[in-house]
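Residue numbers (the working numbering), protein chains in the order written: chain A, 283 to 592; chain B, 40 to 486.
FYI, nobody ran anything at the bench for these hints, they're computed from the structure.
Predicted, not measured: the structure shown is a model, and the values here were computed from it.
Check before you lean on any hint, since a few could be wrong.
[What the hints assert, rightly or not] Computed cross-link-like contacts, BS3-like style, restricted to lysine-lysine with a CA-CA straight-line distance of at most 30 Å:
hint	chain 1	residue 1	chain 2	residue 2
1	B	K104	B	K439
2	B	K104	B	K421
3	B	K448	A	K452
4	A	K336	B	K448
5	B	K132	B	K388
6	B	K439	B	K425
7	B	K425	B	K352
8	B	K388	B	K448
9	B	K352	A	K336
[To be verified] Simulated DEER-style distance windows between Cβ atoms:
hint	chain 1	residue 1	chain 2	residue 2	range
10	B	G318	A	L323	43 to 51 Å
11	A	A472	B	Q315	37 to 45 Å
12	A	L323	B	Q315	43 to 51 Å
13	A	Q531	B	E434	32 to 40 Å
[Said to hold, decoys possible] Per the computed footprint, the stretches of chain A lying under chain B, defined by three or more beta-carbons under 8 Å from a beta-carbon of chain B, are:
hint	segment
14	400 to 412
15	438 to 447
Just so it is clear, CB atoms sit at the ideal spot from N, CA and C, and this is done for glycine as well.
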Amino acid sequence: MSVSLSSLSTWWARQGQVRRRTLLGYLFLSPWLLGLLAFTLFPILAVFGLGFMKYGIFGRPTWIGIQHYRDIFTDDRLFLTTLGNTLYFVALSVPLSTVIGFLLAVALNTRLIGQTIFRTAFYVPSIVPQVAAVLLFVWLFHPQIGLINFALDLLGLEGPNWLGRPQWAKPAIVIIGLWGVGGGMIIYLAGLQSIPQHLYEAAEIDGATEMRRFLTITIPMMTPTLFYNLVIGIIGSFQVFVTAYVATQGGPLNSTLFYVLYLYRYAFEEFRLGYASALAWILFLLVLALTVMVFRSSSSWVYYESGGER
Amino acid sequence: MRHTNPISRRQFLRGAAGGSALVLLAACAVPTASVPADTGGAPALEAVTISFWHIWGGVRDEQLKTVLDDFTATYPEITVETLLLPNPGYADKIVTGLAGDAPDLTMIYTVEFAPAAAQGALQSLDDRLAADAVSPDAWYPGIWNMTQWQGNTLGVPFVGNFLQLFYWNMDDFAAAGLDPETGAVDWQDLSHVMSELSTFDDDGHLDHMGFVPGGWGEWMMGTYRNGHDWYGDAMPDSIAIDHPLSQEALEFVVDLYARGGGWDSVGAALEGWGNQQLGNPMIAGVASSIRSGIFTVNIINDQKPDLPYKLGKYPHGPNGEHLDLIQACWNMVIPTNAQNPDEAWTLAKYLSRGEGHLKFMVEIQGRPAMIRDYNMAPHDAKAREKNPYWDDALEVLNGKQVSLPVSDKLGAAQNILREAFERVMLEVDTVDAALSWAQGEVSGIFG
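With the sequences and hints as input, model every part of the structure.
Structure follows, in structure tokens:
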């Protein structure tokens, strides 16, 4: 034992300082890395493999090649519907939550009475359990006694049957999703507060108006944060599930049958884990492609202070 | 102190975005489950603890515990550990349980029973039935059908969703000019009830319903009560969704909704009452009649014993061959990877056809047993005390029973039918077009 300890000590002494620091770094990282390997990378690879197998949770998987993928693209009548529903949600939800979250953060970054209370009030909904929030919205959207249609009625507008009609159910789900906009707002707020004040002071001395300062300082300096929230928002929106699962179960007429809800049905209602795995990988690749595109585009619109270039 | 390789803000944000993206993307993955372990028989002589999963919450949990205490007294060598599953939402637990750490015995609904059977997750009980000389004839035939899978018996019935009864408020029916004793006998009566007893407030919103229609299930019930079976023997050639009797039923339901102000009107009223947690609308006094299971008798006894109600068969259509539909059943099953299948079988027998079944179903809950004899004298005395309409309820069981097919394809087929119904109600399709579409889709599923 003493020999091995001695050998280890000698070996350690031979290592350069940089290498030792690197090893120590990995050592401290190892719990997270092990978690990443076991609970993230392994499931991703396992699901990739299962996508080529007939697997129904109870028996042993059997290899069937690309049959699932062929069926999805040629024989699955709801695949394109669910994809369309999901893209609709992403296209509406991501810009809206980005703009609203950002504007809220800007508003709450100004000095006003009760600032802390407002910040808390806007943030708290994002940590309310999602199921509870959705159930609350089901009531709010009630066509006859819901507060939303009541408010519309005060404005002289006739409120629709939000969750009962295909043309209104998806927008309603988007609106419910905006309930959690406070989560993004907090990140924007942190970003706003890290913008150096001297930039604003210099601009003010140069006579820049408030709008000019917002457009030429705030927005460019916030682009890294906007970029971060955009990426997270796109990925999260593609995985919309709980809202539709609780509020509409995919209806009416499959108008809120989003991709992950559809995948869930195959996996846990029909027990077709192999097919669901293939669906999951298609979603994975789709989201990955979009994420890469956003990353690629970032060099043209994201400004990093440390880099000094656009 | 200055780091030799500081991380720039740009690198940090890129890294953070990339890392978060990877983790979130990973959520696209479908959870995996372990492969079932090999089955092993366990000796029955020594003391054994078995696990039993069920979905009876609330008052029924206590009732079941009483029965299980009796079981333990009868079989002291077997200790039963129960797990109350959440319902709704029990299916996820059952599915993962069957795949991995399975209980020794569990309740399972037909919807999950068929896929589980199709994938070999359940043990055959035929040898056990034969060894114990247990005859399937003891159970009602329609209920027994729900335990069969490709010629094998993979479960024994526990509770069947077989009594879809028609409940009505006798005072309201008398006010509508109908005989309060006979209620609504056919669709014409039901339409009359809907028109006469549905009332609207000043805004045109329903504030009282003559009858509470139950969505696409009303079409299904109507089709069978009009003498038609959608599925036949569940082969492509026998699928008949677009049959004239089915069409007649669908048109009847469309008309029923129209008398309540239409699809949106009825839906909004029911949703509003649901939000107000009114429970059963008829018991709450906002509806005059409803289709419901036999347990509703107990709820009325508990919540509103002075309600002037009666129950009977669901109104039938114009066709003379009315069928009594058995939609599903809660079976008791022994998973393939159960650790103590012998002791599980002892409990299954006790709860499905033994003293436990008689006590739990008939004596405690006052609802018909799965075993025909238990519903007769002298076993039925306590049930008759609780349920003044015992004989009316039994009429459904003694009628012409038809079961929905026990098939792992049934769920997909029912989804098509629900969609076809919605297409009609939302005026996306005509009745003809929706039926024609559903016929093609459902035939394809069973093809």
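Q. Which earlier hints turn out false for this structure, listed by number in ascending order?
A. 1, 9, 14
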